[in-house]
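Participant: Here the protein sequences line up with chains A and B, keeping their order.
The numbering used here puts the first residue of the first sequence at 501, with every later residue one more than the last.
The numbering used here puts the first residue of the second sequence at 55, with every later residue one more than the last.
These are computed hints drawn from the structure, not numbers from a lab.
Possibly wrong hints are sitting among the right ones.
[Said to hold, decoys possible] Here are the simulated DMTMM-like pairs of lysine to aspartate or glutamate, each with C-alpha atoms no more than 25 Å apart in a straight line:
| no. | chain 1 | residue 1 | chain 2 | residue 2 |
| --- | --- | --- | --- | --- |
| 1 | A | Lys975 | B | Glu454 |
| 2 | A | Lys1004 | B | Asp159 |
| 3 | A | Lys636 | A | Asp615 |
| 4 | A | Lys1296 | B | Glu94 |
| 5 | A | Lys1305 | B | Glu82 |
| 6 | A | Lys1305 | B | Glu434 |
| 7 | A | Lys582 | A | Asp1174 |
| 8 | B | Lys428 | B | Glu454 |
| 9 | A | Lys1360 | A | Glu1419 |
| 10 | A | Lys1057 | B | Asp323 |
| 11 | A | Lys975 | B | Glu85 |
| 12 | A | Lys1004 | B | Glu454 |
| 13 | A | Lys843 | A | Asp1023 |
| 14 | A | Lys1261 | A | Glu1419 |
| 15 | A | Lys1026 | A | Asp1440 |
| 16 | A | Lys975 | B | Asp323 |
| 17 | B | Lys309 | A | Asp1174 |
| 18 | A | Lys1044 | B | Glu454 |
| 19 | B | Lys467 | B | Glu150 |
| 20 | A | Lys1044 | B | Asp87 |
| 21 | A | Lys1305 | B | Glu84 |
| 22 | A | Lys1044 | B | Glu150 |
| 23 | B | Lys232 | A | Glu1419 |
| 24 | A | Lys975 | B | Asp159 |
| 25 | A | Lys1004 | B | Glu141 |
| 26 | A | Lys1044 | B | Glu85 |
| 27 | A | Lys1057 | A | Glu927 |
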Amino acid sequence: MKLTVKPSLFICMALITLTMSLDDVLAQTTDYLQVAGVVASGRDSTLLSNVTVKALPDGVSTVTNLQGSFNLHVSSGIGTLKLSLLGYRDKIIAYNVTSDNNLFIAMDEADKNLDEVMVIAYGNSTKRFSTGNVSKVTSRELDMQPVADPLMALQGRVPGLEITQNSGVPGRNVNVTLRGQNSIAQGSNPFYIVDGVPWLANSLSQVATSIGAQSPFVSINPQDIESIEILKDADATSIYGSRGANGVILITTKKGAGGAAKLEVNVHHGYSELTNTMDLMNTAQYIAMRNEALRNDQITPTNSNAFDLLLYDRTKNVDWKELLIGNNPSLTNASLALNGGNKQTQFRIAGTYRNEGSVYAKDLHNTRMAGSFNVVHRPTNEKFNVSLTVNYSINENNLINRDLTQDIYQAPNRSTYGASGEIAWSENGSPIRANPLGTLLRTFSSNSDNFITNLNVGYSFNPSLDLRLNAGHTKTILNESEVTPLRSLIPTTRQPTGYTSTGKNDFNSWILEPQLNYKKRIDDHKIEVLLGGTLQSEQNFREKIDASNFSSESLLKSLNAAATVTGVSQHIQYRYQAVFGRINYRFSDKYLVNITGRRDGSSRFGPGRQYANFGALGAAWIFSEEAFFKNHFNFIGFGKLRGSYGVTGNDKIGDYQYLDTYTGVPARLLPYLDVNGLIPQRLFNPNYGWENNRKLELALDLGLLDNHLLFSASWYRNVSDNQLVNYLLASQTGFTSVIRNFPASVENTGWEMEMDVQLIKRTSFSWRANANITIPRNSLLAFDNLEHSSYANTYKIGSPLNIQKVYRYLGISEATGIHQFAMEEGRNTIVDLTTRFFGGINNSLTFKGWQLDMFWQFTKRPNVMNYQSTLSGMPGTVGINQPVNVLQRWSEVGDVTSVQRFSATSAEVANANYRYVNESDGAYTDGSFMRLKNLYLSHDLNFLTKRYGWINSLRIYVQGQNLLTVTGYEGHDPETAHSLVLPPLRTFTIGFLLSI
Amino acid sequence: MLSKTFFKYGFFQMCTLLLLVSCSDFLELEEPDHELVRSEVFNDYVSATAALNGIYGDGLSSAAFVTNFSIMSDVAAGLLESSIMNENYLQFLQHELNADNTIVDNVWLMFFKNIYRANSAIEGLGNAGGNLTETQRVTLMGEAYFVRAFCYFYLVNFFGEVPLIVSTNYEVNNLAPKQSAANIYSQILSDLQLAFELLPADGDLGNARPTRKAALSLLARVHLYLGDWEQAQMMASEVIANSNLYTSWYLDLFKSDSEETIWQLVGVDPTNNTGFGSTFIPISSSVIPNYFASSQLLIQFESYDERRAAWFGDNTLGEDKYVFPFKYRLRSRPPVEENLIVLRLSEQYLIRAEARTNMGMVSEALQDLNMLRKRAGLGEISYLSGGQLRDEIKSERQREFFTEWAHCWFDQKRLGRLCDGVNPLWPVPRSQLLVNPNLTQNEGY
């Protein structure tokens, strides 16, 4: 099966070679004719040098000299000239050699926002002429933020893209949804592409689970990214067919720029600190709370129920928060980039080192080293071009596999270390079962190596027809190991020695995408046709080994010293192939139509179900180009109405689900007699097919006041049906569910608005502001027989997917001080956990050599878990400290408050606390917030540039991340919204950017 | 213009593209390395054996459900009490089971899960290709029939009427209604009969896999439960005739090399020998055991009964003494010495004694009972009336089989010794009534 690919590859290569040589034979030179002229700016008639002038259909080109003039030898008497210059809109005019020997051509300045090149699926576009919804974040925004994960830099900046940080621990996975959750049971991650190569959406972690899985994006260096494009609607995504249902995120790395060699050095250094954490009780407050709890419960303190009061030192005061997570970690980032080349060849070589510490009480950090290399070559005849990009990164993380934030609630008078400096495991005979300082003795390492190669070869047969081959390969290896020595465990543990877990995950993927592009412009008609194919293959080897019962405590890293070794290994393959096409038609730069289609095949489906068709239609009308608008509404510089409708699919389901197979019994089990058991893996259903996602979008783009104010608004409605769910079965079938397409549908609708205003633009001072907001709405439209399905307690028709069905909370009884619930109503209160709106506001000011950027992020989330419902014990429990917030508890009849009376053992209080509050709407509170996410201030040291000729530019800057949060949330942080999770940290750095 | 250019240059590229992406077998993956397609599982002796081992290891021996239903049955029979006050336990203790009880739900699921595995093996081995010898094929087939009968025996005794599932087709099975207990029993009898014919005479393979003797033993029990004394007596006699002497020391009885074992399940849990050992044996002598013997159980033992000393341990806390079951002597492993014993010889003597009593062969029955008494260090009983003998056998079964495989609960049910108002049947789990509208709830729930 593998073999069949290779012959066709050879045939492909052979054919390319053959057609190339044919073309060379066909190319002939004839007597030359001449076309010449001068190019100037349309605004102020200054002459423009360095303009590329290309004659079509000949394909010859030249550049204008300092006086703006050019002279071209052509073979055809009539044709067109294409002029291009960075910062100007391309100009195409017709020529006739007999009359046009001294042309005067005016070029219009490009609008930075409207005409900037934007990467789209298999090509480029501009905001002006795009028919789909594409947002772009550039290296400018990325460089201002001291974040490790490029996804984190997108937070709040892209309409429709909701990014939530799960934890402040460096390198953890973040939640990403683009225009809402489309699938009930299957993946909702967008499809990521790095330089044309599909990238991992899911973490490869197997061992690091207690602290949250490691984000695969730790391997992508933000400093090497040129731009990130987010494709949202059907028009932009349906060319990705079955992979595009949840939207597409394209990451493009920096490429060689050419010109004289330029070296850029960018270094910043700084530190992070805790912010938005609750204050905890000190010993006096803690003891008072405990005494009150025992009084309330009417129990007499004994050594077993009040060891903290009777056996612990009542005068000791340990600040566990400071001790465990109070470290201010440093952050260093240094990068070096060399750019250069000539007209034919450009290159970029770059390297980055980044080291970020942790808040934990030990020297633990995440280090990344990344190298990137790009070369672009285009021989003089310009028929042929090739670009090779290689990105390599090593990420080393030794953070322990536990978020110690959950351990800061130790009794403040508990011992840390014993008299002789060893970890205290008991105090006056009372055992300390889990001393978090023991956890710090475990060692953890998570090392990932990542290698992305992309080769892009293009050949132009003539100005109209290009052949292109995009070939890419990704290899990511993640090695994890966790060593738990005996001394990190309470001495009474029954383990004879410590234990070790190791995990290795080796991910390989390659992609081949031949594309044929035909472009033609005849008068006002411009047509572009793209035809292509995709072959993609992924292989994933996973291995996890647990070892225990070692011969010696010092051999915990040696598997052959372990008496018990158990393991799991998996080899997963995924293949994908497709043909796709796109026809883009533009009439007189006013009317645009874009048709895309794809036929897809994925190995995740059973025989006969592997293929499906997807497609979309997009159209736009640039009404500002109409004479009527030009004459009557000339304040509208740019106006476009666009819309699209299409179908995409979701193949983010597990692999091999259609097979009827047996697999080994869970790894923790020993063999039965000599042969390990095999058990049926699943009830198989060979007939399941794609989830379909139908996307509709309508949008308006406006440019007012000379395009100083750009506004765009989009409305979308995505309906995802044919949902693949785990359909509940009677257990008499031997299983409880089977995967099956189900007549259920999920709708995501929303409004996205974006505004960009150039408030002031003078040479010495400018102020630009932009803002975006997204108002999403998710809803379960239909679900057959929901009340009798396994999802009966999870979903409600007409409500979002992300809800909880709970009891109604009635507040705390003034008489008893205990939570009250409307139990008789049943779990019929709906708590909607979705975000109501979110977005960001950026202000960018420049004054002489100074630049200030300030970015605010905002989110309206009416329901997140409140701090009380995520604490590890109820206020008053023996040995568990509490935030000072709980001091507002009920203490006597008549008190009106939100904290129950203190109690250590009362079953009634405990039941209300543990069992019912979390199953009622009393567990939720408003988690809306507004955050000064990023502040960036820089200054260009121009005097140095003047004094030292070798300095191109030198800029110094300060950056701040998560500086200020405005919220009514009472717990740690409204984004993570959990009392046991490390909230996002505040970071300050200072740095310089030197270019020589 | 367009078509001309296209034909001139594009033709080969088009061919290339189509060639590249039209190789339709590109999507046909090799079978995964970590999963084996069912048809191949039963084409090879090792993997087919592994499929049966999956039932014994993952399905029956390691699963907490065996421990759970055995313990809860004894709680319901009044023989065990607990220090863990959870809702599941209280429902058994107070005979107020409800249809949401998670232990009941899990027992239903686990037996049907193993029935699926047995059905899958029967189907797979029925179509097996040439890589197994005929002996290997029929032996494994016999094991699958045996397992299916064993699972149905428990289902019919816990729940009464249950659906009769004999294939792997979930489209059909999902909506299958309950069948009468008589139908279930006739399936059990025919499966055991087949197992008896297909299984090897005895332990080439040891007793960790079912043998012909295991099939006979279970047949004897089924006939006893059905009141077919003649058959029960005959089969128990055959088992006894083919067994070693009845002399094991009590402390060795639950070890993996016990000679009285007819069928045992090898432990596959790396931390425990058996679920019973890890549940019953307290962590230390200073804690209240999870479960302890009720006075109703303890008074049944005469003071010189060796089993009283060998099969119980005690923890004294303050003035309270807690006597916990100590048949399995090992809480954790290593050492690896004990297996989960499913069928053992004592039961066959007691089956025969009961059958003979009911056939009027009182003195022969008394001989069988005295076999057990002698071994327990007690004097022989020389005379009992038929009625007294029935009572004595019932007590003897409690002394011998407390905590084991729900024996005592089933005895109370079949001998009509349940207290008034106690429902002899467990409820059909509510979750199942919701997904399969053709199921009906048992009376009283």
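Participant: Does each hint hold? Answer for all of them.
Facilitator: Comparing the hints with the structure gives:
no.	hint	in the structure
1	Lys975/A x Glu454/B	violated (63 Å)
2	Lys1004/A x Asp159/B	violated (38 Å)
3	Lys636/A x Asp615/A	holds (13 Å)
4	Lys1296/A x Glu94/B	violated (43 Å)
5	Lys1305/A x Glu82/B	violated (43 Å)
6	Lys1305/A x Glu434/B	violated (66 Å)
7	Lys582/A x Asp1174/A	violated (77 Å)
8	Lys428/B x Glu454/B	holds (13 Å)
9	Lys1360/A x Glu1419/A	holds (23 Å)
10	Lys1057/A x Asp323/B	holds (24 Å)
11	Lys975/A x Glu85/B	holds (22 Å)
12	Lys1004/A x Glu454/B	violated (51 Å)
13	Lys843/A x Asp1023/A	violated (31 Å)
14	Lys1261/A x Glu1419/A	violated (55 Å)
15	Lys1026/A x Asp1440/A	violated (44 Å)
16	Lys975/A x Asp323/B	violated (37 Å)
17	Lys309/B x Asp1174/A	holds (19 Å)
18	Lys1044/A x Glu454/B	violated (44 Å)
19	Lys467/B x Glu150/B	holds (16 Å)
20	Lys1044/A x Asp87/B	holds (15 Å)
21	Lys1305/A x Glu84/B	violated (44 Å)
22	Lys1044/A x Glu150/B	violated (45 Å)
23	Lys232/B x Glu1419/A	violated (36 Å)
24	Lys975/A x Asp159/B	violated (46 Å)
25	Lys1004/A x Glu141/B	violated (42 Å)
26	Lys1044/A x Glu85/B	holds (21 Å)
27	Lys1057/A x Glu927/A	violated (32 Å)
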